[in-house]
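So the chains spell out like this:
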Amino acid sequence: MTRIDRTFQRLSKEGKKAFVAYIMAGDPSPEISAELLCGLPAAGVDIIELGLPFTDPMADGLTIQRAGQRALAAGMTLKKTLDMARHFRKIDQETPIVFMGYYNPIYSHGVEKFLKDAKDAGIDGLIIVDLPPEEDEELCIPAQVAGLNFIRLATPTTDNLRLITVLTNTSGFVYYVSITGITGSEEAQSDDVEPEVARIKAGTDLPVVVGFGINTPDAAKKIASIADGAVVGSAIIKELSRGKSVAEVLEFVASLAEGVHDA
Amino acid sequence: MPNELFNSFMTGPDERGRFGNFGGRFVSETLMPLILELEKQYEIAKTDLNFWDEMNELWTNYVGRPSPLYLAKRLTNELGGAKVYMKRDELNHTGAHKINNVLGQIILARRMGKNRIIAETGAGQHGVATATVCAKFGLKCIVYMGAHDVERQAPNVFRMRLLGAEVVPVTSGRGTLKDAMNDALRDWVTNVRDTFYCIGTVAGPHPYPAMVRDFQSIIGKEVKEQMQLNEGRSPDTLIAAIGGGSNAMGLFYPFLDDDDVNIVGVEAGGKGVNQKMEHCASLTGGRAGVLHGNRTYLLQDDDGQILEGFSISAGLDYPGIGPEHAWLHDIGRAKYVSITDEQALEAFQLCCELEGIIPALEPSHALAYVMKIAPKLDKNHIICMNMCGRGDKDIFTVAKHLNFDMSEVC
Ligand SMILES: Cc1ncc(COP(=O)(O)O)c(C=O)c1O
Chain A
1 MTRIDRTFQR LSKEGKKAFV AYIMAGDPSP EISAELLCGL PAAGVDIIEL
51 GLPFTDPMAD GLTIQRAGQR ALAAGMTLKK TLDMARHFRK IDQETPIVFM
101 GYYNPIYSHG VEKFLKDAKD AGIDGLIIVD LPPEEDEELC IPAQVAGLNF
151 IRLATPTTDN LRLITVLTNT SGFVYYVSIT GITGSEEAQS DDVEPEVARI
201 KAGTDLPVVV GFGINTPDAA KKIASIADGA VVGSAIIKEL SRGKSVAEVL
251 EFVASLAEGV HDA
Chain B
1001 MPNELFNSFM TGPDERGRFG NFGGRFVSET LMPLILELEK QYEIAKTDLN
1051 FWDEMNELWT NYVGRPSPLY LAKRLTNELG GAKVYMKRDE LNHTGAHKIN
1101 NVLGQIILAR RMGKNRIIAE TGAGQHGVAT ATVCAKFGLK CIVYMGAHDV
1151 ERQAPNVFRM RLLGAEVVPV TSGRGTLKDA MNDALRDWVT NVRDTFYCIG
1201 TVAGPHPYPA MVRDFQSIIG KEVKEQMQLN EGRSPDTLIA AIGGGSNAMG
1251 LFYPFLDDDD VNIVGVEAGG KGVNQKMEHC ASLTGGRAGV LHGNRTYLLQ
1301 DDDGQILEGF SISAGLDYPG IGPEHAWLHD IGRAKYVSIT DEQALEAFQL
1351 CCELEGIIPA LEPSHALAYV MKIAPKLDKN HIICMNMCGR GDKDIFTVAK
1401 HLNFDMSEVC
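Those protein sequences? They're chains A and B, same order as listed. Mapping the first sequence onto my numbering, position 156 (from 1) lands on 156, and the numbers just tick up by one. Add 1000 to a position in the second sequence, counting from 1, and you land on the number used in my numbering.
It is worth saying that the hints were derived from the structure and are not from the lab. Just so you know, even glycine gets a beta-carbon here, dropped at the ideal spot from N, CA and C. All clues stand as given, with none of them false.
Covered, in the sense of this in silico footprint (three residues per stretch, anywhere, with C-beta under 8 Å from a C-beta of chain A), are these stretches of chain B:
| no. | region |
| --- | --- |
| 1 | 1013–1027 |
| 2 | 1030–1039 |
| 3 | 1168–1178 |
| 4 | 1183–1192 |
Looking at chain A on its own, in the form it has when it is part of the complex (with noise of 0.2 Å):
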């Protein structure tokens, strides 16, 4: 059972839903993000998404590839995204963190290198946006040996029988990408998530996580009531690049956090 797992089996204890949240690793700077990274888990935060920056983030809308921009100019890479991630290790043995990101620098790094120090840095999952179920071999199959869990994401545009390729070889939860379109889009309507959700759960025994288009304590608590949990992420980064400070953004979570955990 992962870190994943477990986290999972205690909110379904509680009759909880999971609170997921996205920060990009290195914005606006190294430190202060790593500052955020650890107020996290005690805003409230259930799973982690730590976005690795890359200069090209096709299904990210502005503000999440702003962030990743701004990440890159300060510095940040995978080798100090892997640091950042094993500091907080240190301090958290409980909370999930999943890289989000893109294929490519993780190709850079090497596959095999890269399984080792994640697995070594306590990472739990990988969401890899440009890696569909056709190219598993790249890297879902050798993380999910090497015991990381590869969760897929599910979109308006799989239809039934795609499906059930997505849902092979997933593992930890399922990633339900409310909208057709980029990260940091217009409201989801959860008129039209709920019965993708029970399309989905019927497929599967995984949780089932809903992400794209949620902005508000409001709308997280209503995808979290037909769901098992919701990730936010272009509305924190957008408090960041405000200028708020950490403690202000943690506020923030924090809201979004009780929206989803009265759900």
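With chain A fixed as given, assemble chain B with the ligand onto it according to the hints.
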């Protein structure tokens, strides 16, 4: 002739869209069902005579194919060696090879019932070709173009607007072709139901590299026939410039199994491949990586972050290269070289003065390599270079580099 014993270079890609280890389908799940559907529809169209009838009719009467194969006599004499032929794809409607591919994709889009077309463009030639064919068929057209390229290829921006297309300047990154492609992909992910993404080169996820190559192969097929008529034999050396590699793949592909034909791709050397980053020679100066849906050679740093290239030519200013070229490079079937901005500008001027042809800056790179090797070759050696675009779009850029003040002309 290919048979079971003969190891053909023309059978790629495999069913996973791979040329050796290159290519593939590295896209988000949202796009995956779309490219699978595109692959299916393309496979059907490819063997449908009606599809090719429609293509041929438009190639003949709208584009003006076949394009001539022209013996550049004064250039040949000046260089004093190999015989230099030019494949005149700059005479196509809209002034470049790009329309060969656009026609194919737009006819396919119509068969698939898609009425909103998006495209990325660097030099603007692919954007203009897409806007043109969309105007002809009454389709909505949105072209993503890097803000830096909007500036240096202003005439093409105006042409696209005249043709009714919406041109979206892209400010992320350094504002060139790579960034335009990112934003086109973001548009596609958002507008999945009605939108067809018309990619302008032999890159992107499978089936694009193979599909674009197939449409551009008309160039090489014509050269094969025309050279037979002119010389009674095949050319000895093929030379083409490479941005993503579509005009080059179009010329090379029909000759891949003719092992007596030398194949040379010319990458943009910018200020020189030794100088860090200030070039776009992905094969000479890059290494394997994954970007824009495929694995190929990329300009990147030690952390796997993509670097911005540099070239005087907007059409060659791309940090990657089509996966089939990456494969041809690795197995040694084709050779890849680079030419600097300065050498390309020199070739540009020589071509104007000796042949009365104003070439685009992209094929000027190919021509510069011709100038480099032709003098050393035998008079019986036949070179065919791809004159894949005309230079109207580049006159402002060239004027600037030659310190010619346009405002003082009148
Ligand atoms: C005239 C011309 N040649 C070449 C290119 C480069 O593209 P490719 O390498 O796909 O032929 C362009 C691209 O805009 C172009 O306009």
